[in-house]
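Student: Working from the sequences, and respecting the hints, build out all of it.
Which chain is which? The protein sequence lines are A, V, X and S, in order.
All residue numbers for the first sequence refer to our numbering, where the first residue is 74 and numbers rise by one.
All residue numbers for the second sequence refer to our numbering, where the first residue is 74 and numbers rise by one.
All residue numbers for the third sequence refer to our numbering, where the first residue is 74 and numbers rise by one.
All residue numbers for the fourth sequence refer to our numbering, where the first residue is 74 and numbers rise by one.
If you are wondering where the hints come from, they were derived from the structure by calculation, not from laboratory data.
Some hints could be false.
No copy is singled out in the list; a pair is fine if it fits within one copy or between any two copies.
Claimed, not checked - Calculated lysine to any residue pairs in the SDA-like style (CA-CA distance at most 20 Å, straight line): (1) 93 x 143; (2) 242 x 187; (3) 182 x 218; (4) 92 x 127; (5) 92 x 142.
Residue strings, one per chain:
4 protein chains.
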Amino acid sequence: MKWPVLLINYKAYDNSYGKKAVELSKQIERVAEHFQDINVIICVPAVSISEVSRSVSLPVFAQHVDPVAAGAHTGHITAGMIADAGASGSLINHSEMRVGFDEVAESVKQLSSERLESVVCVDRNELVAPAAMLGATAVLVEPPELIGTGISVSNTRPEVVISSVNEIKRAGRGLLLVGAGITNYDDAKKSIELGANGVGLASAVMKAEDPATKVKELLEGIRSGMHK
Amino acid sequence: MKWPVLLINYKAYDNSYGKKAVELSKQIERVAEHFQDINVIICVPAVSISEVSRSVSLPVFAQHVDPVAAGAHTGHITAGMIADAGASGSLINHSEMRVGFDEVAESVKQLSSERLESVVCVDRNELVAPAAMLGATAVLVEPPELIGTGISVSNTRPEVVISSVNEIKRAGRGLLLVGAGITNYDDAKKSIELGANGVGLASAVMKAEDPATKVKELLEGIRSGMHK
Amino acid sequence: MKWPVLLINYKAYDNSYGKKAVELSKQIERVAEHFQDINVIICVPAVSISEVSRSVSLPVFAQHVDPVAAGAHTGHITAGMIADAGASGSLINHSEMRVGFDEVAESVKQLSSERLESVVCVDRNELVAPAAMLGATAVLVEPPELIGTGISVSNTRPEVVISSVNEIKRAGRGLLLVGAGITNYDDAKKSIELGANGVGLASAVMKAEDPATKVKELLEGIRSGMHK
Amino acid sequence: MKWPVLLINYKAYDNSYGKKAVELSKQIERVAEHFQDINVIICVPAVSISEVSRSVSLPVFAQHVDPVAAGAHTGHITAGMIADAGASGSLINHSEMRVGFDEVAESVKQLSSERLESVVCVDRNELVAPAAMLGATAVLVEPPELIGTGISVSNTRPEVVISSVNEIKRAGRGLLLVGAGITNYDDAKKSIELGANGVGLASAVMKAEDPATKVKELLEGIRSGMHK
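Tutor: The following block contains the structure:
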């Protein structure tokens with residue numbers, strides 16, 4: 074996975090699917106073209122992977138994938154399905170979609186077998202190395218008490234970022250992303266300065282009056298953090 | 074919901090999504106055109122609702138929907154999403170995707186608010202009336218021990234169908250579908266003769282060498298059961 | 074189940090288990106002896122059912138039971154286990170321990186096969202009749218937004234109680250309990266006056282400085298509501 | 074944790090609770106007294122921890138513990154509860170009681186805060202090091218396809234044992250137990266010879282006509298494996 078990363082999680086907001094999602098993705102793509110050094114990933118609902126993938130050249134991720142291969146699994150989303158629809162990876166174990174210990178391992182394996190990337194979400198730095206050792210392309214650390222608050226992990230709890238960066242080094246593999254409360258230029262810049270390979274966020278962009286301008290601000294923050 | 078119903082669950086089989094699903098759906102549609110008196114519903118993976126809906130005029134259902142409205146729900150499939158993608162309803166509580174007692178109620182409500190139909194799956198006749206009272210468009214009874222066996226509920230356990238038909242009458246609302254092991258003309262015919270408003274199945278069609286011919290056989294069975 | 078009911082859920086508070094639970098249960102029993110017309114039920118953690126049952130003659134309930142019979146079910150609590158330990162019933166589907174649609178049916182059945190009572194918790198009046206039809210001894214309605222707030226369902230949302238009372242009548246079987254925010258004499262009295270067969274609560278007693286006095290107050294409220 | 078270990082999981086069998094569990098535990102204790110060099114652990118249902126702990130001096134484990142501290146957690150089993158009841162540890166994430174990725178971390182932490190031991194169950198050797206890094210006292214590897222079959226992991230899939238032993242060494246902490254299909258002297262002996270610190274089993278003892286003799290056979294197998 075190319076880095077630094079700006080990972081935008083569309084969640085299930087009103088503008089996360091259908092025509093609004095396509096329009097939003099095009100806006101993000103236009104901004105991202107001016108930041109070729111940064112890997113902008115968008116995570117969209119399963120129903121919209123196919124349509125968004127056809128509309129933009131940004132890497133499109135699923136928000137969840139089930140730990141099963143093709144078969145009798147009603148209502149499940151498989152790695153094969155999202156690959157076929159145009160996704161290049163998936164989130165796993167998001168705080169709003171937790172999965173089992175064994176399921177993290179199996180989901181990473183299923184994604185890998187389709188040559189897809191995996192971003193495993195965890196709620197504490199102690200889980201960074203275990204997730205990386207399971208083969209995750211990247212681990213996204215998000216202290217749950219800060220998600221959606223606008224109070225950023227990088228400015229409020231820099232020690233979480235620092236210790237997570239140390240953990241990913243200890244694992245000897247994988248990238249380290251941070252999230253929770255990432256809202257502006259400073260939050261993004263600080264995260265990168267502390268050693269993270271990227272940031273993840275949702276509401277800051279999805280609920281912005283002008284999402285394109287917000288994405289530009291965050292990308293400038295990441296770039297500034299890199300070049301310091 | 075118009076009835077009698079033939080509900081085909083694509084599950085997560087290899088041919089359930091992408092181009093294969095579109096091709097399969099077109100084949101089913103061509104057969105269904107000769108059975109305008111029967112409501113042929115196809116239940117496809119979330120990733121393929123949009124594409125399949127655009128390709129055929131058959132009613133397309135989701136296989137699962139989460140009991141939430143739009144919002145911060147990573148990895149969730151909302152009624153709004155599937156409606157936007159072209160679905161006209163969803164399965165709820167399939168044996169491979171069980172949900173909570175309260176979630177059945179909330180999912181039916183969310184679907185209803187999007188003017189979508191709901192087919193609640195249950196494993197025993199005692200749950201038929203409760204599910205119907207929650208407002209389900211239809212209840213699909215499937216004894217779990219027969220699912221995928223090819224041993225049909227209608228021929229092996231007709232008492233389940235009969236008591237379920239009585240239960241739906243007692244509830245005073247909703248249709249009653251039966252499933253589990255429905256494989257051929259006789260299984261379908263017998264189900265309708267016993268009073269069911271339709272049948273649900275998956276592997277008999279999805280794993281058939283010639284799915285179109287199998288669908289035709291099942292539709293003829295349903296028609297025969299109606300006209301008896 | 075004898076009624077009116079005062080159902081006290083010990084949850085997993087510090088005083089819910091061990092010696093503190095036995096001491097608390099004895100205090101409650103001493104008060105309850107003066108209210109022989111009211112059925113005081115205490116719901117204790119699985120680890121303490123045996124010890125509390127031996128210490129008091131109040132009916133002791135489990136807080137949860139799994140929908141399985143004896144067998145290879147590591148970590149599960151069966152109806153047979155709690156019966157053997159001295160319980161006379163169990164809560165099912167508490168808002169902090171939700172279970173599946175089918176599991177409610179199976180748990181009620183398992184409890185019934187051990188001649189144990191079942192109190193199914195639901196979050197809305199639409200679920201009262203379905204739960205009662207599954208054979209629950211009683212249904213406990215608790216609007217989740219009021220649980221633990223001290224703002225009582227009976228005083229804030231009397232329409233929930235009234236419609237739930239109507240629903241239980243419609244089902245033609247089972248008792249109707251209400252809960253969420255029940256804290257004092259008036260909350261208990263009002264609940265009974267509105268037609269409920271009892272009230273359920275937890276923190277009002279478990280966190281009281283003097284639990285015995287609080288139980289006395291609630292029992293007097295119930296009695297007053299009955300005799301109005 | 075002292076080793077080698079013979080861990081006997083009572084599951085929810087008919088003889089797992091109540092008087093039968095006490096009697097069985099006493100029988101096991103009498104045999105274990107002749108094998109002071111082996112750590113015999115019994116894992117009992119939550120309802121019986123207290124009674125069994127008082128009856129024997131063997132270390133008693135819970136079969137599951139929830140990842141929460143004391144509080145408003147109806148139906149949950151906390152580390153504080155089982156410690157108070159006399160347990161000295163708990164299984165976590167048994168294949169019949171899987172928990173989330175974050176929950177494994179939190180459960181180990183909760184147990185540790187009560188000075189209790191933790192045995193994390195996993196289904197593959199890739200999860201051994203991650204579980205050990207979370208601080209588990211021991212990791213129990215059980216290929217799910219062999220559980221309850223009587224076909225032992227040590228004789229059928231020795232490579233799983235060998236690679237798991239390597240993984241625990243890589244983690245640099247924790248013991249490595251193996252399970253699934255362990256039935257007799259040879260299975261136990263072979264497991265130890267391959268480098269495991271102990272074996273876990275259930276049905277071989279719980280369903281034995283003469284459990285005491287079966288325990289003796291297994292303990293002799295372990296001893297033989299050690300002294301080779």
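Student: So, for every hint listed, does it hold in this structure?
Tutor: Evaluated hints:
1. 93 x 143: Between copies only: 13 Å across, 30 Å inside.
2. 242 x 187: neither (26 Å within a copy, 31 Å between copies)
3. 182 x 218: between (30 Å within a copy, 18 Å between copies)
4. 92 x 127: both (13 Å within a copy, 15 Å between copies)
5. 92 x 142: between (30 Å within a copy, 18 Å between copies)
Of the numbered hints given earlier, the model fails hint 2 alone.
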